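Chemist: Next come the chains, spelled out residue by residue.
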Amino acid sequence: TQLLEQSPQFLSIQEGENLTVYCNSSSVFSSLQWYRQEPGEGPVLLVTVVTGGEVKKLKRLTFQFGDARKDSSLHITAAQPGDTGLYLCAGVPLGTYKYIFGTGTRLKVLA
Amino acid sequence: EADIYQTPRYLVIGTGKKITLECSQTMGHDKMYWYQQDPGMELHLIHYSYGVNSTEKGDLSSESTVSRIRTEHFPLTLESARPSHTSQYLCASRRAAQDTQYFGPGTRLTVL
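For the protein sequence lines, the chains are A and B, in the order given.
Count the first sequence with the numbering used here and you get residues 1 to 111, in order.
Count the second sequence with the numbering used here and you get residues 1 to 112, in order.
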């Protein structure tokens, strides 16, 4: 079974703090996507990482794809209450056609 | 910006009613998906389609059915709704050659 394990599962921090969310697998992915989902809404795509070692920045969010394309991380600098939500990584393991989602990280940023 | 739409956004109905949840996308994507998600929980794939007249059941057993008569439209139907069907239903689509899925805003269904 191919799994995408995310850590931490829950995170509650104060506004202004930094944090990192991890997405790990034993499978290789051609690409990984990161989504943020707010309660009652659909997941919204944040970024797609494709190349091993790739780093992408989206304002205060920095995404990294592992060299072996088995893992990824999301770093948020100076978190704000608007960053609160469920963060999901997802992708298609090489050799399969199945799109799988990570276990999710629920982030709460307190003002 | 993803052009994928779901209606209704919220629906409260009584047990035994037949309902259809609508999903449309204007991106010309071949592949479309339906997921079921309880609040704060993981997404479960219940149906998918790789093109017109192609539909398959997903990982999670569901009493719903789907159809794909047009590329842009992928409705989901519950013939007889039950309280156990209460959940959020998310529709997604993607281009055949790309992995990235784009999601609609979801339909929150409550069956009394």
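Keep in mind the hints are simulated off the structure, nothing from the lab.
Hints are not guaranteed to be accurate.
Said to hold, decoys possible - DMTMM-like cross-link-like pairs, simulated, lysine to aspartate or glutamate; straight-line CA separation at most 20 Å:
1) A:LYS98 - B:GLU22
2) A:LYS98 - B:GLU42
3) B:LYS17 - B:GLU56
4) A:LYS108 - B:ASP38
5) A:LYS56 - B:GLU56
6) A:LYS98 - B:ASP99
7) A:LYS70 - B:GLU56
8) A:LYS108 - A:GLU15
9) B:LYS31 - B:GLU72
Stated by the list, open to error - Listed below are several chain A residues computed to face chain B (Cβ distance under 8 Å; list not exhaustive):
10) TYR22
11) THR48
12) GLY82
13) LEU86
14) GLY95
A quick note: this is a predicted structure, and the numbers were derived from the prediction, not measured.
For glycine and all other residues, C-beta sits at the position ideal for the given N, C-alpha and C.
Chemist: Confirm or reject each hint.
Modeler: Status of the hints after comparison with the structure:
no.	hint	result
1	A:LYS98 - B:GLU22	24 Å, violated
2	A:LYS98 - B:GLU42	16 Å, holds
3	B:LYS17 - B:GLU56	24 Å, violated
4	A:LYS108 - B:ASP38	19 Å, holds
5	A:LYS56 - B:GLU56	35 Å, violated
6	A:LYS98 - B:ASP99	10 Å, holds
7	A:LYS70 - B:GLU56	28 Å, violated
8	A:LYS108 - A:GLU15	9 Å, holds
9	B:LYS31 - B:GLU72	10 Å, holds
10	TYR22	17 Å, violated
11	THR48	5 Å, holds
12	GLY82	18 Å, violated
13	LEU86	7 Å, holds
14	GLY95	13 Å, violated
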